[in-house]
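K.L.:
Chain by chain, the residues run as shown.
There are 2 protein chains.
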Amino acid sequence: MLSKSRIKHINSLKIKKFRELHRQFIAEGSKLVTELMKNFYQISGIYATREWILENEPLITSGNFIVTEISASDLNRITALTTSSPVLAVVDIPGDSYAFSGFSEGLTLLLDDIKDPGNLGTIIRIADWFGIGQVICSETTVDLYNPKTVQATMGSIARIKVIYCDLVKTLSGIAPGKKIYGTFLDGENIYSQELDQTGVIIIGNESQGISHEVAQFVTDKLLIPGFHAPNNLTGSAESLNASIAAAIICSEFRRR
Amino acid sequence: MLSKSRIKHINSLKIKKFRELHRQFIAEGSKLVTELMKNFYQISGIYATREWILENEPLITSGNFIVTEISASDLNRITALTTSSPVLAVVDIPGDSYAFSGFSEGLTLLLDDIKDPGNLGTIIRIADWFGIGQVICSETTVDLYNPKTVQATMGSIARIKVIYCDLVKTLSGIAPGKKIYGTFLDGENIYSQELDQTGVIIIGNESQGISHEVAQFVTDKLLIPGFHAPNNLTGSAESLNASIAAAIICSEFRRR
Numbered sequence: 059m060l061s062k063s064r065i066k067h068i069n070s071l072k073i074k075k076f077r078e079l080h081r082q083f084i085a086e087g088s089k090l091v092t093e094l095m096k097n098f099y100q101i102s103g104i105y106a107t108r109e110w111i112l113e114n115e116p117l118i119t120s121g122n123f124i125v126t127e128i129s130a131s132d133l134n135r136i137t138a139l140t141t142s143s144p145v146l147a148v149v150d151i152p153g154d155s156y157a158f159s160g161f162s163e164g165l166t167l168l169l170d171d172i173k174d175p176g177n178l179g180t181i182i183r184i185a186d187w188f189g190i191g192q193v194i195c196s197e198t199t200v201d202l203y204n205p206k207t208v209q210a211t212m213g214s215i216a217r218i219k220v221i222y223c224d225l226v227k228t229l230s231g232i233a234p235g236k237k238i239y240g241t242f243l244d245g246e247n248i249y250s251q252e253l254d255q256t257g258v259i260i261i262g263n264e265s266q267g268i269s270h271e272v273a274q275f276v277t278d279k280l281l282i283p284g285f286h287a288p289n290n291l292t293g294s295a296e297s298l299n300a301s302i303a304a305a306i307i308c309s310e311f312r313r314r
Numbered sequence: 059m060l061s062k063s064r065i066k067h068i069n070s071l072k073i074k075k076f077r078e079l080h081r082q083f084i085a086e087g088s089k090l091v092t093e094l095m096k097n098f099y100q101i102s103g104i105y106a107t108r109e110w111i112l113e114n115e116p117l118i119t120s121g122n123f124i125v126t127e128i129s130a131s132d133l134n135r136i137t138a139l140t141t142s143s144p145v146l147a148v149v150d151i152p153g154d155s156y157a158f159s160g161f162s163e164g165l166t167l168l169l170d171d172i173k174d175p176g177n178l179g180t181i182i183r184i185a186d187w188f189g190i191g192q193v194i195c196s197e198t199t200v201d202l203y204n205p206k207t208v209q210a211t212m213g214s215i216a217r218i219k220v221i222y223c224d225l226v227k228t229l230s231g232i233a234p235g236k237k238i239y240g241t242f243l244d245g246e247n248i249y250s251q252e253l254d255q256t257g258v259i260i261i262g263n264e265s266q267g268i269s270h271e272v273a274q275f276v277t278d279k280l281l282i283p284g285f286h287a288p289n290n291l292t293g294s295a296e297s298l299n300a301s302i303a304a305a306i307i308c309s310e311f312r313r314r
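Residue numbers (the working numbering), protein chains in the order written: chain V, 59 to 314; chain L, 59 to 314.
Don't take every hint at face value.
Since copy identity is lost for identical chains, a pair holds within one copy or between any two.
Mimicking SDA-like on lysine to any residue, the simulated pairs with C-alpha atoms at most 20 Å apart in a straight line are [unchecked claim]: (1) Lys173 <-> Leu139; (2) Lys173 <-> Ser142; (3) Lys219 <-> Phe285; (4) Lys227 <-> Leu117; (5) Lys89 <-> Asp174; (6) Lys89 <-> Ser142; (7) Lys62 <-> Glu264; (8) Lys237 <-> Leu79; (9) Lys173 <-> Ser143; (10) Lys75 <-> Ser265; (11) Lys237 <-> Ile111; (12) Lys74 <-> Lys206; (13) Lys72 <-> Lys219; (14) Lys219 <-> Arg314; (15) Lys173 <-> Ala138; (16) Lys96 <-> Ala273; (17) Lys206 <-> Thr141.
No lab work stands behind these hints: they were computed from the structure.
Pulled out of the complex, with its shape left as it was, chain V reads as follows (with noise of 0.2 Å):
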């Protein structure tokens, strides 16, 4: 049975403002929060079924969590998904926040003011899977703890470096040399042109791309071509998600 006060307390971690103030986030899902409890995260409560709590009693045991059995019915009265899960933890953000201390060697991927959560929390799975370890956001990008970029990052959060800072502050830095791509109408066929494995990769915001400022930094414009079938109508999509279009790319420069 759960209090009010920590039904309220849980239910105020939805909001970017109490994150802050209390420095936790919440976490739903058995893969989700189970990949947490293995990657260290320091974990103030965990809330779950019965169920949950007798298949993962090895888990649980191993790491000396404390964890409240409850109702289904309770967890949808703290849940921030449509459908609530076997299980939620409250997690503190890592006191070590990542601060920017220089580009990684491999590839980085840069986020310019990503708003949507899922799709922030898209590309770090994309990013994880790629073997990227550095994602850095403009300062305007979505919240990482925003509990549905937890979710879509299915456990990814626990294994990728996230620094936010100011993006043109980073870039004026770069050691000259480097390569910067970024996706632009008026860019070369990604298909056919050079990646450097050790290259910053620009994602741009989900309607206005890539951001004035952060552009003239791009030192090698790419293009993601649409195709257009003989008979029919596609071919007229705009553009694509920026989730969709970093997958793209990602995929582009570890095939080669």
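We have chain V already, so just place chain L on it with the hints.
P.N.:
Chain L alone, transformed into the frame defined by chain V:
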């Protein structure tokens, strides 16, 4: 000003049962609504702010559309979005809903039980970008006219033939020699495989992948390989989101 019964009717269309009863769906956002207006959808009502009406006067007049001016706060009472847009349309579901009548000559996407409306809409947008005019869905796939699906297509719904049917029956009748692709953990590296531009690409369910009944028809098993960077923790993501996988596969087919 909207009547109570009108508000009730529009809100009922967020539920599949009522969309089927009234044969109507809702579309929101300027891009999407104007796309449907230009593509000859039957629109029974458009509800918009004064600003939107002034901006779109030529299109409204050219198609004799009936537009009701309402306030932003009234739009908030009917929207299916978190933040309402300046326009919402009530659109008739096309009477000639597509029945399966054979595979197209080009590529076909076949969706095996996609559950997330955002994924379905995003996949339709990807099909449009890559010139794939035919999308076949299992009967268990989420409804095409779910507001979140419609939204995520960003207008591509007007150009792509989406067919719901029994996948096993449909695949049983396929011409011998036709290539049927699907991704599996024991598949062949997609980046080095021959890919036939007249094939069928199967995208599986978000958590279960491709079902056993459908998998038996696959002629070529593919794998999108992950990438493990030497100096970081990445590469442990267990899977990619269904629409992300669809994007990478379509991109691979089309770049050849």
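K.L.:
Is it within, between, both, or neither for Lys173 and Ser142, if the alpha carbons may be no more than 20 Å apart?
P.N.:
between (24 Å within a copy, 16 Å between copies)
K.L.:
At most 20 Å between CA atoms: does that hold for Lys74 and Lys206 within a copy, between copies, both, or neither?
P.N.:
within (12 Å within a copy, 24 Å between copies)
K.L.:
Could you place Lys227 and Leu117 in one of the four classes (within, between, both, neither) given a Cα distance threshold of 20 Å?
P.N.:
neither (43 Å within a copy, 44 Å between copies)
K.L.:
Tell me, please, which holds for Lys237 and Leu79 at an alpha-carbon limit of 20 Å: within, between, both or neither?
P.N.:
Answer is neither; intra-copy 39 Å and inter-copy 56 Å both fail.
K.L.:
One pair to classify: Lys62 and Glu264, alpha carbons no more than 20 Å apart. Within, between, both, or neither?
P.N.:
neither (39 Å within a copy, 35 Å between copies)
K.L.:
Using 20 Å as the alpha-carbon threshold, which applies to Lys173 and Leu139: within, between, both, or neither?
P.N.:
both (19 Å within a copy, 15 Å between copies)
K.L.:
Within a copy, between copies, both or neither: where do Lys219 and Arg314 come within 20 Å Cα-Cα?
P.N.:
neither (24 Å within a copy, 34 Å between copies)
K.L.:
State whether the alpha carbon distance between Lys96 and Ala273 is at most 20 Å within one copy, between copies, both, or neither.
P.N.:
neither (39 Å within a copy, 33 Å between copies)
K.L.:
As a check of your reading, is Lys237 near Ile111 (CA-CA no more than 20 Å) within one copy, between copies, both or neither?
P.N.:
neither (49 Å within a copy, 45 Å between copies)
K.L.:
Reference check for the pair Lys72 and Lys219, CA-CA at most 20 Å: within, between, both, or neither?
P.N.:
For Lys72 and Lys219, the Cα distance exceeds 20 Å both inside one copy (22 Å) and across copies (39 Å).
K.L.:
Have a look at Lys173 and Ser143 and pick one of within, between, both or neither, based on CA distance no larger than 20 Å.
P.N.:
For Lys173 and Ser143, the Cα distance is within 20 Å only across copies (16 Å; inside one copy 25 Å).
K.L.:
I want to check one pair: Lys173 and Ala138. Are their C-alpha atoms no more than 20 Å apart within a copy, between two copies, both, or neither?
P.N.:
both (18 Å within a copy, 19 Å between copies)
Of the numbered hints stated above, those contradicted by the structure are hints 4, 7, 8, 10, 11, 13, 14, 16, listed in ascending order.
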